[in-house]
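Hey, can you work out the whole structure from these sequences and the hints?
Number of protein chains: 2
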Amino acid sequence: MSSHTRVKKDKEIIGDYETQVKEIRNQLVEQFRCLEQQSESRLQLLQDLQEFFRRKAELQLEYSRGLDKLAERFSGKIRSSREHQHFKKDQNLLSTVNCWYLVLNQTRRESRDHATLSDLYNNNVIFRLAHVGEDVIRLFKKSKDIGVQMHEELVKVTNELYTVMKTYHMYHAESVSAESKLKEAEKQEEKQIGKANEVSTSLMRHDDRPQRRSSVKKMEKMKEKRQAKYSENKLKCTKARNDYLLNLAATNALVAKYYIHDVSDMIDCCDMGYHASLARTLRTYLSAEYSLETSRHEGLDQLEGAVDAMDVRGDKHRVMDMHSQIFCPPTRFDYQPHMGDEVCQVSAQQPVQTELLMRHHQLQSRLGTLKIENEEVRKTLDATMQTLQDMLTVEDFDVSEAFQHSQSTESVKSASSDSYMSKVNVAKRRANQQETEGFYFTKFKEYLNGSNLIVKLQAKHDLLKQTLGEGENNSPVTMLPPTLPPKPGRMRKPRPRSIFNHKLFNGNMEAFIKVLTAPYLAPMWSLCVHSPSILQPPPILHHSHPPSSHMASPSLGLPRPLPRPISTAFGLFSQA
Amino acid sequence: MSSHTRVKKDKEIIGDYETQVKEIRNQLVEQFRCLEQQSESRLQLLQDLQEFFRRKAELQLEYSRGLDKLAERFSGKIRSSREHQHFKKDQNLLSTVNCWYLVLNQTRRESRDHATLSDLYNNNVIFRLAHVGEDVIRLFKKSKDIGVQMHEELVKVTNELYTVMKTYHMYHAESVSAESKLKEAEKQEEKQIGKANEVSTSLMRHDDRPQRRSSVKKMEKMKEKRQAKYSENKLKCTKARNDYLLNLAATNALVAKYYIHDVSDMIDCCDMGYHASLARTLRTYLSAEYSLETSRHEGLDQLEGAVDAMDVRGDKHRVMDMHSQIFCPPTRFDYQPHMGDEVCQVSAQQPVQTELLMRHHQLQSRLGTLKIENEEVRKTLDATMQTLQDMLTVEDFDVSEAFQHSQSTESVKSASSDSYMSKVNVAKRRANQQETEGFYFTKFKEYLNGSNLIVKLQAKHDLLKQTLGEGENNSPVTMLPPTLPPKPGRMRKPRPRSIFNHKLFNGNMEAFIKVLTAPYLAPMWSLCVHSPSILQPPPILHHSHPPSSHMASPSLGLPRPLPRPISTAFGLFSQA
Chain A
1 MSSHTRVKKD
11 KEIIGDYETQ
21 VKEIRNQLVE
31 QFRCLEQQSE
41 SRLQLLQDLQ
51 EFFRRKAELQ
61 LEYSRGLDKL
71 AERFSGKIRS
81 SREHQHFKKD
91 QNLLSTVNCW
101 YLVLNQTRRE
111 SRDHATLSDL
121 YNNNVIFRLA
131 HVGEDVIRLF
141 KKSKDIGVQM
151 HEELVKVTNE
161 LYTVMKTYHM
171 YHAESVSAES
181 KLKEAEKQEE
191 KQIGKANEVS
201 TSLMRHDDRP
211 QRRSSVKKME
221 KMKEKRQAKY
231 SENKLKCTKA
241 RNDYLLNLAA
251 TNALVAKYYI
261 HDVSDMIDCC
271 DMGYHASLAR
281 TLRTYLSAEY
291 SLETSRHEGL
301 DQLEGAVDAM
311 DVRGDKHRVM
321 DMHSQIFCPP
331 TRFDYQPHMG
341 DEVCQVSAQQ
351 PVQTELLMRH
361 HQLQSRLGTL
371 KIENEEVRKT
381 LDATMQTLQD
391 MLTVEDFDVS
401 EAFQHSQSTE
411 SVKSASSDSY
421 MSKVNVAKRR
431 ANQQETEGFY
441 FTKFKEYLNG
451 SNLIVKLQAK
461 HDLLKQTLGE
471 GENNSPVTML
481 PPTLPPKPGR
491 MRKPRPRSIF
501 NHKLFNGNME
511 AFIKVLTAPY
521 LAPMWSLCVH
531 SPSILQPPPI
541 LHHSHPPSSH
551 MASPSLGLPR
561 PLPRPISTAF
571 GLFSQA
Chain B
1 MSSHTRVKKD
11 KEIIGDYETQ
21 VKEIRNQLVE
31 QFRCLEQQSE
41 SRLQLLQDLQ
51 EFFRRKAELQ
61 LEYSRGLDKL
71 AERFSGKIRS
81 SREHQHFKKD
91 QNLLSTVNCW
101 YLVLNQTRRE
111 SRDHATLSDL
121 YNNNVIFRLA
131 HVGEDVIRLF
141 KKSKDIGVQM
151 HEELVKVTNE
161 LYTVMKTYHM
171 YHAESVSAES
181 KLKEAEKQEE
191 KQIGKANEVS
201 TSLMRHDDRP
211 QRRSSVKKME
221 KMKEKRQAKY
231 SENKLKCTKA
241 RNDYLLNLAA
251 TNALVAKYYI
261 HDVSDMIDCC
271 DMGYHASLAR
281 TLRTYLSAEY
291 SLETSRHEGL
301 DQLEGAVDAM
311 DVRGDKHRVM
321 DMHSQIFCPP
331 TRFDYQPHMG
341 DEVCQVSAQQ
351 PVQTELLMRH
361 HQLQSRLGTL
371 KIENEEVRKT
381 LDATMQTLQD
391 MLTVEDFDVS
401 EAFQHSQSTE
411 SVKSASSDSY
421 MSKVNVAKRR
431 ANQQETEGFY
441 FTKFKEYLNG
451 SNLIVKLQAK
461 HDLLKQTLGE
471 GENNSPVTML
481 PPTLPPKPGR
491 MRKPRPRSIF
501 NHKLFNGNME
511 AFIKVLTAPY
521 LAPMWSLCVH
531 SPSILQPPPI
541 LHHSHPPSSH
551 MASPSLGLPR
561 PLPRPISTAF
571 GLFSQA
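Order-wise, the sequence lines are chains A and B.
The C-terminal residue of the first sequence carries number 576 in the UniProt record's numbering, and the numbering is unbroken.
The C-terminal residue of the second sequence carries number 576 in the UniProt record's numbering, and the numbering is unbroken.
Heads up, some of the hints might be wrong.
Identical copies look the same in the list; a pair holds intra-copy or inter-copy alike.
[Said to hold, decoys possible] Derived SDA-like pairs (lysine to any residue); straight-line CA-CA distance at most 25 Å:
{"#": "1", "residue 1": "K423", "residue 2": "A130"}
{"#": "2", "residue 1": "K239", "residue 2": "E401"}
{"#": "3", "residue 1": "K142", "residue 2": "E220"}
{"#": "4", "residue 1": "K443", "residue 2": "E153"}
Quick caveat, the hints were computed from the structure, so don't treat them as lab data.
Pasting the structure below:
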């Protein structure tokens with residue numbers, strides 16, 4: 001170092017060195033402790049995870065059993081019920097009941113999936129975690145072995161440094177001592193030479209000269225000896241210093257390597273595969289959870305499909321099919337001629353002709369008034385039904401808000417506070433709905449009375465008109481073809497649901513009905529031809545809501561407009 | 001009817017008619033019964049659904065509580081743990097521990113969501129079902145009222161038909177009787193006329209003539225009377241028949257209307273809103289279930305993100321940061337000149353010069369051999385690590401098969417039978433892995449010994465080379481700049497994770513490190529410049545697997561190659 005630095009004493013240097021080495025050794029011990037602590041933390045984490053999944057598996061199994069019991073309770077009830085026997089055949093299954101069956105299916109599915117989850121936790125996830133734990137323990141031991149080897153190397157190299165430093169100190173001390181001895185000799189020699197010169201110039205005595213010469217020689221010899229000793233020691237010191245400097249470089253390089261790379265490598269050995277194995281374990285858990293979700297979603301989609309396919313008309317027809325005897329139109333009342341009366345049609349000869357003509361005119365004008373009145377009632381009915389329909393199909397079922405997890409607070413909104421379910425709101429809505437419904441029924445009765453009267457008068461009117469117009473050549477009643485009417489069940493065979501739902505108004509339904517009904521209905525329908533507004537299916541069947549609203553809510557359980565003659569496929573009047 | 005049909009007697013006609021009416025009335029009664037039955041079925045279904053959701057709400061709540069208790073148990077443990085205090089700050093949170101926290105978060109989230117589900121079942125779904133039930137009862141009553149009105153109309157019209165038919169029978173009978181009386185009168189008149197003609201031609205007596213004339217006149221009068229009676233009755237009969245025929249038409253029209261439309265309308269009244277309301281209820285259920293699923297999925301995605309972000313290097317650095325005192329490189333060993341020794345570098349003057357030169361050459365050749373040998377060991381190490389890595393990152397975590405629901409059978413595959421978890425398979429794999437790992441450690445020790453030796457010899461070699469080449473003008477040791485070394489924790493500040501994960505090799509990391517390390521490391525790294533293969537981070541840090549494999553599995557917990565100088569940011573040798 002530069003000359004102005006304080007010169008350290010040997011003991012100080014050794015002391016500093018030993019402190020430095022002790023600090024390193026302390027760090028090495030602490031590094032092992034840190035590694036051990038980390039392994040312990042990992043083992044604790046793995047143990048916690050195992051305990052967690054063991055308990056979660058139990059929860060899943062409990063939940064699964066609960067769901068299974070629940071599904072089984074209602075499935076058993078269904079199996080033993082009367083309805084089930086009725087609806088056993090798929091084509092007879094009501095769309096609403098189908099939804100209920102799918103709710104139960106979904107419950108069974110959830111039950112099975114949660115049992116599977118439990119199984120996977122117990123027989124896969126927990127095993128993996130145990131294996132990761134074994135690996136942590138084993139790798140910690142092996143890494144510590146590696147670390148011990150590294151530390152031994154550090155101890156060895158610092159010991160060597162100590163040795164070469166001490167050697168340098170020794171040789172340098174000897175070199176310094178030899179140098180001072182040499183210097184002392186040189187000083188004495190100088191003194192001797194000075195004395196000799198002084199003597200030779202001032203006081204030269206023969207007796208003294210040889211004595212003095214021998215002492216000078218002796219002095220020179222000693223100086224040479226000391227010079228040789230000094231050179232030898234200096235070389236030894238140079239070698240020792242070189243060794244010290246080289247070992248210093250090697251030691252610093254090794255210490256640097258240890259701190260920069262080896263300690264990190266030791267930790268890497270300890271970490272080997274830990275993250276990968278833990279990740280695979282958690283991915284197993286995720287795979288299980290995601291799979292459960294997929295399965296759950298499939299089930300919910302099936303149920304949603306069934307809800308979409310809920311079909312008020314289809315269900316009505318299914319029920320009527322199943323009770324075809326009850327809903328089958330009866331044989332028509334035929335004209336029964338009395339005691340061989342051969343007249344079997346309305347007679348419009350004189351003297352009744354005038355009266356019939358008058359009656360016909362009266363009927364015509366009465367019908368005109370009645371139809372206008374009833375048409376007004378029908379319009380009110382339609383509007384009321386539209387209002388009811390809006391109430392019945394309000395989309396108030398979105399509860400997703402209740403599942404919003406706010407990031408800041410962990411609270412969730414109370415589900416019962418949502419707009420639909422506030423008690424006041426519900427009560428108001430229901431009161432409103434029932435009021436409208438009551439009004440609808442009042443109007444419907446009024447409409448029914450009107451249309452009943454109209455249908456009777458119309459029948460009489462049409463018969464009179466025919467009689468008065470065509471004379472007595474043929475009667476619409478007696479000319480009915482003797483063909484058998486179609487059987488109710490056979491004719492309205494259930495169509496594939498997809499067609500039923502989606503092609504109701506743009507499929508070939510019209511043509512189908514035309515073909516079906518034409519031969520049987522022509523005479524009967526001729527009664528209605530002149531008053532299509534009356535004998536059309538009454539309002540709840542023919543509301544004039546726009547087609548777009550049907551498309552938007554295809555199965556909301558509300559009656560939909562249908563081409564009028566569909567119900568005639570029932571077989572108008574059976575003549576069997 | 002045509003003349004060849006058998007003439008029915010009055011009683012037979014009345015009997016037939018009454019049978020026919022009775023059949024219709026039976027049907028009407030059965031129709032009501034059917035409507036009632038349907039309403040009862042609906043009420044039963046609604047009751048079952050309510051009971052189902054009530055019980056399911058209980059299950060959800062139980063499950064929710066179990067999950068909450070489970071999460072709380074471990075969360076409490078974490079809060080009170082020592083590690084938590086350590087890792088409380090986000091930047092100190094280990095990526096593995098973060099996953100564990102997210103597993104618990106997910107559990108808490110599931111707990112809250114299932115509680116919400118329970119709440120929605122109890123306070124929304126069940127209420128809706130109850131309302132649907134009320135509607136069913138009310139609408140059945142109102143529809144039945146409508147039906148009663150319809151039936152009364154049918155009864156009225158058939159009664160009327162009966163009356164007009166009876167009237168027709170009566171008048172026809174009278175007409176027939178009047179006709180026969182008239183015919184009898186005509187026959188008698190004919191007989192009288194015939195008799196008169198016979199008398200007038202064969203035996204004409206004056207006395208008889210006025211007597212006969214008066215009897216003929218009487219006869220004629222009777223005939224006229226009978227004729228008038230007959231005409232009157234015939235007219236009455238015609239009117240009655242016309243009335244009968246008109247009423248027949250009206251009755252048939254009304255019966256047809258009832259069977260074709262009215263009965264269907266009555267059912268529609270009963271159905272009003274049932275499907276729509278039930279659909280809305282089930283959609284509420286579906287909305288809740290789908291929302292739970294969405295929330296669940298969000299949580300799982302968060303966890304998956306954390307698993308993806310698992311970061312073995314980042315965690316290592318976090319641990320080392322937290323224990324910076326332990327891993328901070330110590331002060332370097334400085335050259336300590338002995339007792340004012342002013343020489344502070346390797347001396348290459350004669351007579352040691354030759355020896356140093358020889359030593360330098362020996363070191364050079366020894367290093368050459370050692371490096372070749374160690375490079376071979378390194379290659380073996382790399383290959384072994386690659387094998388290990390393949391074992392540790394095998395993608396064996398897909399358990400989705402366990403959740404496949406076969407449509408035909410309801411069984412699911414046993415989760416424990418899957419390929420990963422078969423016991424034999426697992427044991428074999430683990431034995432294989434441990435064998436490879438053992439081999440890796442053996443080779444790593446060998447490599448460590450080699451590289452330790454090389455680093456020491458290299459340091460000496462480089463110092464000698466410098467000394468011999470440059471003379472004694474400057475020493476690399478004493479010329480170290482007096483700058484303070486960087487503090488370990490400060491320099492390797494945690495970078496944003498995204499950069500750390502994705503931009504490790506193509507970001508500006510290289511430049512960053514160059515800037516960081518240049519001032520401090522130049523002299524130290526100069527020691528390594530000549531042997532880059534040795535002082536590179538040892539194999540577990542620099543495996544030469546292709547970059548594509550990192551991209552595919554970015555965080556599998558395996559060490560990844562990193563630009564060598566990163567660990568030097570630790571602050572090479574602190575000189576404080």
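Cross-check of the supplied hints:
no. : hint         : result
1   : K423 to A130 : between (53 Å within a copy, 14 Å between copies)
2   : K239 to E401 : neither (85 Å within a copy, 75 Å between copies)
3   : K142 to E220 : neither (68 Å within a copy, 148 Å between copies)
4   : K443 to E153 : between (105 Å within a copy, 17 Å between copies)
Hint compliance for this structure: hints 2, 3 are broken, all remaining hints hold.
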